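Engineer: Same order as they appear, the protein sequences are chains A and B. No gaps in the numbering here: position 108 of the first sequence is 108 in my numbering, and each next residue is one more. Residues are numbered in my numbering as their position in the second sequence, beginning at 1, plus a constant of 440.
None of these hints come from the bench; they were simulated from the model. Keep in mind the model is a prediction, meaning the values are calculated, not measured. Every residue gets a Cβ at the ideal spot worked out from N, C-alpha and C, and that includes glycine. Treat each hint with caution, since some may be false.
What the hints assert, rightly or not - Computed, partial: chain A to chain B, Cβ under 7 Å:
| hint | residue |
| --- | --- |
| 1 | 22 |
| 2 | 46 |
| 3 | 51 |
| 4 | 75 |
| 5 | 248 |
| 6 | 252 |
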Amino acid sequence: MLSGVLLFNQKGELLIMRAFRQDMRPRLADVFRIQVISNAQIRSPILTLGSTTFSHIKNENIYIVGVSKGNVNAALVFEFLYKLVGLGKSYFGRFDEEAVKSNFVMVYELLDEILDFGYPQNTETETLKMYITTEGVKSERALEDSSKITMQATGALSWRRDNIKYRKNEAFVDVIEDVNLLVSASGTVLRADVNGAIEMRAYLSGTPECKFGLNDSLTLGAAGIEPSVGGPVGNISGNKATKAAAGSVTLEDVSLHQCVKLSSFTNDRTISFIPPDGSFQLMNYRATENVNLPFKVHAIVNEIGKSKVEYSIAIRSNYGPKLFATNVLVRIPTPLNTASTTHRASQGKAKYEPSENCIVWRIARFTGQSEFVLSAEAELTATTTAKQWSRPPLSMQFSLLMFTSSGLLVRYLKVFEKGNYSSVKWVRYMTRAGSYEIRF
Amino acid sequence: MSAGSNNDAKLFARGKVAELRLELNSSGGKKDKAFSTKRIALKKIVANMTMSNNDMVALFPDIVGVMGLPSLEIKKMCFLYLVNYARMKPEIALKALPILLSDLEDTNPLMRALALRTLSYIHVRQFVEAAAAPLKHLLKDNDPYVRKTAAFCVAKLYDHDRHMVESSDLIDRLNLMLRDENPTVVSSALAALMDIWERSESIKLTIDYSNASKIVSILPDCSEWGQTYILEALTSYVPQDTSEAAFLADRIAPRLSHTNSAVVLTCIRVILYLMNYIDSEKTIASLCAKLSPPLVTLLSKGPEIQYLALRNALLILQRRPEVLRNDIRVFFCKYNDPIYVKVTKLELIFMLASERNIKEVLTELREYATEIDVHFVRKSVRAIGKLAIKIEPAAKLCISSLLELVATKVSYIVQEATVVIKNIFRKYPNQYESIISTLCENLDSLDEPEAKAAMIWVIGQYADRIENSEVLLEDFLDTWADETHEVQLALLTATVKLFIQRPTKGQELVPRVLKWATEDTDNPDLRDRGYMYWRLLSSNPTAAKSVVMGEKPAITAESEKLDPVTLEEMCLAVGTLATVYLKPVHTVFRSARQRRLQDSPALQKTTLPSYQAMQAAKLVAEQNGTSADALAARAQAHRAGRNGDVLDEAGAYFASVGGQGFTNGAPTTAVTPGEQPGQMYVANQGQGLGTMQPTMHVQSEGNLLDL
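Using the sequences and the accompanying hints, generate a full structural model.
Structural biologist: Here's what the structure looks like:
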């Protein structure tokens, strides 16, 4: 497994170096600095030199590096590095150079706890916070306390403490969907899918057993089993739409938080779990069928000679008139040699951003069933190199409340607890743009 | 616990030994019950340790002095110091040993575990020996946290001194822990055993069905990491009965929905492994159907995990083509994908392309061919050309796409297209000559040797059909002296071809070129080939014609596949680093222990790729009248040859794209001595998976399409 963990700032200064095996030498830090940080050409998160492998991720302004020898489980290494970032955020608010420098002793302490001989150990924040704290010394703990911690750290419920008490028992459920779209220049939808997450904030006393109900008819991975024959795959409005009976949803795949009983989900699709305290991500899912696209974009872009590009962009909202999207932002790429632009929008404001090479069109509030148009022109300067403009895709950002692109609905959330208290549950839906790209 | 309540950033500065010593030893006054002066001094020391300020070693006696203070925070920092520097000053470190040993007896389990963990990190003989005896008790400690720490401790001691561990009963004791009631202890013991197994040939890890079944049953109670360790261990279980394998695969399948990609990929590895022992095609099909969605779901994770998932998809697809068969669209690149993700997606798109989706694929590839990253653009162009060869009915479509790209007149696109069009001519002789004229229009933009050589080949091959072929060739010959050997060789051959097909046009050129090739060069290949042509032409012109213009072996797009033996081995390593490189494990990591499919009554030998390859070879042999024995020997040799061949097949088909990128092999010398220097793999570093080592094959050799 891991031989060591290194943290660098952007300049390549070492912030943390912890060895877990004898084969981890201080010199390896220099090797990474030379080979990766100061190498502008590096194009891979994994670098193997001899038998030593450096796997790195970046977070804010630091590099987080796992050093290993031999053919280790790469997924484990990266998942661990992500987990370390998550822990850092939960402990210090953020995990950047400043936070690491301000808490370096603590980071060492955490590393010593969550890795043993390079093997990840318990990494649940809840448990770790019981005995690794920012508040100075807690060495003289009562003995029972310690054994409680050790039970917690090795037990089946490592994500939840005992004796949690709330006066008001509440659970908030957020269904957040990122809708991804790729439309070709000719207007065909190349791909449309949804990455969804159900995030939960649970403030519930005791050891509550929760049951979660989604749409009446939940199909999982139908596409994987019946091979669709002939014709282009995955057309959105075609034959598959007929299956979309009201209130049903088809999820391609789901992945569930550690706390969910996977076997009961496989058997009868019930999501039952004992939640961690506070906020966590209960479930991730992916849907590719019957994706409701909140916006339809029609873009006409004409290059007129070598001096001008004309744009006409029409965006139509495709959701109920009572809903409205906020923070709608459309990025319309312009050629690199754009000198100036003129634009006229029927709603919102457009602005040319030379540093990003695009016109940014902002619409603060986009009501359902409406259409807005932007017409613009970009004047180009003459260039000596006649390099073709690569026409990067137009992209959109937005967030839309009370709407799910996949059609997923939360039917119920039941909480069972010994104390038999009543609890309040809140559900919120939001659809955001993931990578919403339209080629032109 | 307010965010960032600590502000130790100011302590993160270079310090002097004398000052720190003073600070560490100052009493801090009576009020300083929490030893805050000492704590701050220690923090400064830890910071200096990080900055590799090795002067800190001098503080060793002082550190040992404060180690016994009743403050956990101080103790932890002292332990960290000890782990770091004990090897440099073993004699002083020994003074800390009694403190550690007494902490092993502490009533607090966290303390016992901490002391044990620290003690076993220290690579000093006395520490290792001192750890062995108390470890035996601690393996049976009544606290599970201590037991799981002790389990890993056995693997650590094995790393320090394997003879000591092998001669003791520690490994047996570790084995007994597999029956522990606590799931974390069991998974830790398994991880420790696997770690030991990995490094020692003398240890055999066997898991029978009842054990496998038992560890699978505790999966739900383990942490995500524990689940990964258990799943990894399951590949050591050899199913004796096909229904056992099927049953077990079914039981671990729910793990595919786990949110941790390590659990998911390791689970996929185990299921792929178990499938080798399952005879029912229906079961296999249903298992395969379960594998696609989680693989695709990993694409919504961070880019590094996406990359890993994609590399593994490349592998799995070759072993079980039914996985991912319908999912080509999810691999279309997003504009903002990191380049390493894009390049791998491109390879997957190429592999998944079929007659059915070729139109869609070509539109997509043409889109990529206008992107900014030159390397990616070249690969896209090359992929279009390869598709023309791979999918015969689509050749025409691919060629028209290529011609559209040539029309952009972007130099590197034209050059790349020229290279692949040459291969198309090889594959479909005398079919698409009409495009030669388009190519000829762009002669001037060719400045790379590979593209030039390709164009020259085309001119030579079709010298009788290109009206002004001798003029075109002469243009190229003008710069003969400045060309690379690759181009010179192509020119030589092309001139001879011209002479053979149109003697009147070539008679002037041939003697000139032959003279250059034989007299004015110091390249032996060029000289040899020059003499060969010369003798051939002067002694037997008819023979020369049949040799030079003879029929060439057909080319296929098969070269991008891994050879069957490697494929089988790699499937046992899904999710590991080797899958990123798609090379046999031991060519990347020499010391790695080799895994093979173990024989058992349930093993479905006839469905294994290696077996099928053997059968196919046998069939060919029988047709050719070769004896089966010779064949077996050849297969063996082939296997050995392949294993030694660092140029992997999967990446190689793209590998020949330009020589740009990362060719700097020298820095490897910076690696710690004792490692094999010069062996350097850089995935997707400019050229697919080519290796950078000069002593190994030149990268273009891996590309069978360049014959």
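Engineer: Are the hints correct? Go through all of them and say.
Structural biologist: The hints, checked one at a time:
| no. | hint | verdict |
| --- | --- | --- |
| 1 | 22 | holds, 5 Å |
| 2 | 46 | holds, 5 Å |
| 3 | 51 | holds, 5 Å |
| 4 | 75 | holds, 4 Å |
| 5 | 248 | violated, 18 Å |
| 6 | 252 | holds, 5 Å |
Checked against the numbered hints given earlier, this structure breaks only hint 5.
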